[in-house]
Amino acid sequence: MREMTVNGVAIDDTFAEAFDMRATALVITAPSARWAAQAAQTMTGFATSVIGCGCEAALESVRSPQETPDGRPGVRVLMFAVSTAELQRQLQNRVGQCVLTSPGSACYAGIDAGDDKLKLGDAIRFFGDGWQIAKRLGPRRYWRIPVMDGEFVCESTTYLTKKAVGGGNLIIMGESPAKTLAASEAAAQAMRKVADVIMPFPGGIARSGSKVGSKYKGAIASTNDRYCPTLKGAVDSDLSPEIGSVLEIVIDGLTSDAVANAMRAGLAAIVEMGPEKGALRVGAGNYGGKLGRHHYHLKDLIP
Amino acid sequence: MSALIFSPRAAPAQRLDLSPLIPQNLAGRSAAEIASLELQTTRVRVTAGDAFRIRMGDPGAIVIEGGAERFDRVGAGMSSGSIRVEGDVGVEAGRRMSGGQLTICGDAGPFAGSGMKGGALDIEGDAGERLGAPLSGETVGMSGGVLHVRGDAGERAGDRLRRGFILIEGGAGAYAGSRMIAGTLAIGGEAEELPGYLMGRGTIMLGRGATLLSPTFGDCGEYELVAARLLAGYVAQASAKLADLFRRPLTRLAGDLAALGKGEILIPRA
Numbered sequence: 001m002r003e004m005t006v007n008g009v010a011i012d013d014t015f016a017e018a019f020d021m022r023a024t025a026l027v028i029t030a031p032s033a034r035w036a037a038q039a040a041q042t043m044t045g046f047a048t049s050v051i052g053c054g055c056e057a058a059l060e061s062v063r064s065p066q067e068t069p070d071g072r073p074g075v076r077v078l079m080f081a082v083s084t085a086e087l088q089r090q091l092q093n094r095v096g097q098c099v100l101t102s103p104g105s106a107c108y109a110g111i112d113a114g115d116d117k118l119k120l121g122d123a124i125r126f127f128g129d130g131w132q133i134a135k136r137l138g139p140r141r142y143w144r145i146p147v148m149d150g151e152f153v154c155e156s157t158t159y160l161t162k163k164a165v166g167g168g169n170l171i172i173m174g175e176s177p178a179k180t181l182a183a184s185e186a187a188a189q190a191m192r193k194v195a196d197v198i199m200p201f202p203g204g205i206a207r208s209g210s211k212v213g214s215k216y217k218g219a220i221a222s223t224n225d226r227y228c229p230t231l232k233g234a235v236d237s238d239l240s241p242e243i244g245s246v247l248e249i250v251i252d253g254l255t256s257d258a259v260a261n262a263m264r265a266g267l268a269a270i271v272e273m274g275p276e277k278g279a280l281r282v283g284a285g286n287y288g289g290k291l292g293r294h295h296y297h298l299k300d301l302i303p
Numbered sequence: 304m305s306a307l308i309f310s311p312r313a314a315p316a317q318r319l320d321l322s323p324l325i326p327q328n329l330a331g332r333s334a335a336e337i338a339s340l341e342l343q344t345t346r347v348r349v350t351a352g353d354a355f356r357i358r359m360g361d362p363g364a365i366v367i368e369g370g371a372e373r374f375d376r377v378g379a380g381m382s383s384g385s386i387r388v389e390g391d392v393g394v395e396a397g398r399r400m401s402g403g404q405l406t407i408c409g410d411a412g413p414f415a416g417s418g419m420k421g422g423a424l425d426i427e428g429d430a431g432e433r434l435g436a437p438l439s440g441e442t443v444g445m446s447g448g449v450l451h452v453r454g455d456a457g458e459r460a461g462d463r464l465r466r467g468f469i470l471i472e473g474g475a476g477a478y479a480g481s482r483m484i485a486g487t488l489a490i491g492g493e494a495e496e497l498p499g500y501l502m503g504r505g506t507i508m509l510g511r512g513a514t515l516l517s518p519t520f521g522d523c524g525e526y527e528l529v530a531a532r533l534l535a536g537y538v539a540q541a542s543a544k545l546a547d548l549f550r551r552p553l554t555r556l557a558g559d560l561a562a563l564g565k566g567e568i569l570i571p572r573a
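These protein sequence lines are chains R and A, in that order.
In this text, residue positions in the first sequence follow this note's numbering: the first is 1, and each later residue adds one.
In this text, residue positions in the second sequence follow this note's numbering: the first is 304, and each later residue adds one.
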């Protein structure tokens, strides 16, 4: 594989392969920014990968009181799944168990247009046991559900986009775990400033990149041995001797452009940090280009 | 293009039905055709040309230069465009309107906005009895849109309201929001006796309470509701004064418990 070098960081001539996804967005508000974030974190805590969690979800941005429907502090959450039915199921389960239950919360649609609608309050309202109240304000309709600290206000529906993309990624390779993590954190931080994307793994960063398939029956994915540094001498490794640690950032976006923008921002942050403090090399994960419709070539994203 | 203007020639000799003079009915008509539209409500024929001097303009923006208590059904059935009446109107202004903007610069008679389904009706003076209410035999009153009265409203404002907003900046007569099905009725001033009489669902804001509240409303306590913040934001588009009421701590009275009982009266802290 040919490489380019920018500011001492080697960049593989490869591409990230990403897939079409269904996605939606919510705005969650609360009496304080802390409790808005708490509701969002609880709702998206177990939502790193569609493989085991049913959806990929995370907090996208913090919203000031001026930017929320009810004038309270809030956050925006994005949620991705492989089908409309699964997205609907995950949405109502997670809002019902994690947002409805969070003190003082309210929940609104986080995108104003899309290809279809998902039930939000329309699915949760039955918790009101007949005491729920609907209010239509212009084009929007809200449910008021009596709960023990007052009322849970929840917009009736939110939109669904079919133009979402899941699986944009950067593979960050460094000399040591500490340096690789430093570069990855800088990249994740830069990506968080990009609108309409989330990095669903812990803190935005995954350490257990996977390959398709396994030697064991029934496992659809297993550890990416070609990128495990401790197997460098045992397998047909993709790692050169100086690489001691590898991390991956996975990016889901409401649009393909948003994913590209996030990858560009992350790459810029890694390159700016340089190899002394951060990464020696950056690559990207793909499946030969045959599975996913979206290809993000690193050479097009170099700062 | 300037507005299509109707200038009254004299005080009308009989009640006139102005419902033909709405944008969707005048579009594409010539001045002669508009002048020949019949407006009488008795056996004496009165055409638009008899009652008004007509200055042609955009039929989507109609102005009636001057009002009269005998101008009935102004803007009834309108679905788009705007009508502005520079004076008073009679009964059923904006009845069953579904869109557009109807502005009455003076007072409106009974049944203003009766059964309206959409659009905006703005009455800068007072409104008569049964604002937004159904006529005899109809089961549902106003079902959409925003009805805004700057002055006072008569008895039974919002009778059988089903959806939409009735915003009264002044006071309201007895039985405001009677038999409400749902929707929102806000009264800035004091309401006379028994607001929300037999209401099933919906919200009534009483800015200064009522002379007599029905004992069939149950006091649920005082709250700062998130839903009231949303209502405030929406109401503020029409009336900053009424929006402010929703931003205060609100006493919630559930009722009418003599009927379905899923409605509410909200009274702001003074």
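For the record, the hints were derived by calculation from the structure and aren't laboratory data.
Treat each hint with caution, since some may be false.
To be verified - Which residues of chain A face chain R? A few of them, derived with a C-beta cut under 8 angstroms, are:
(1) R312
(2) C408
(3) K420
(4) V529
(5) R572
To be verified - Calculated lysine-lysine pairs in the DSS-like style (CA-CA distance at most 30 angstroms, straight line):
(6) R/K232 <-> R/K162
(7) R/K162 <-> R/K290
(8) A/K544 <-> R/K119
(9) A/K565 <-> R/K119
(10) R/K193 <-> R/K217
(11) R/K117 <-> A/K420
(12) R/K117 <-> A/K544
Heads up, the beta-carbon is just placed ideally off N, CA and C, and yes, glycines get one too.
Broken hints, by number: Checked against the structure, the hints that fail are numbers 1, 2, 3, 5, 6, 8, 10, 12, while the rest are satisfied.
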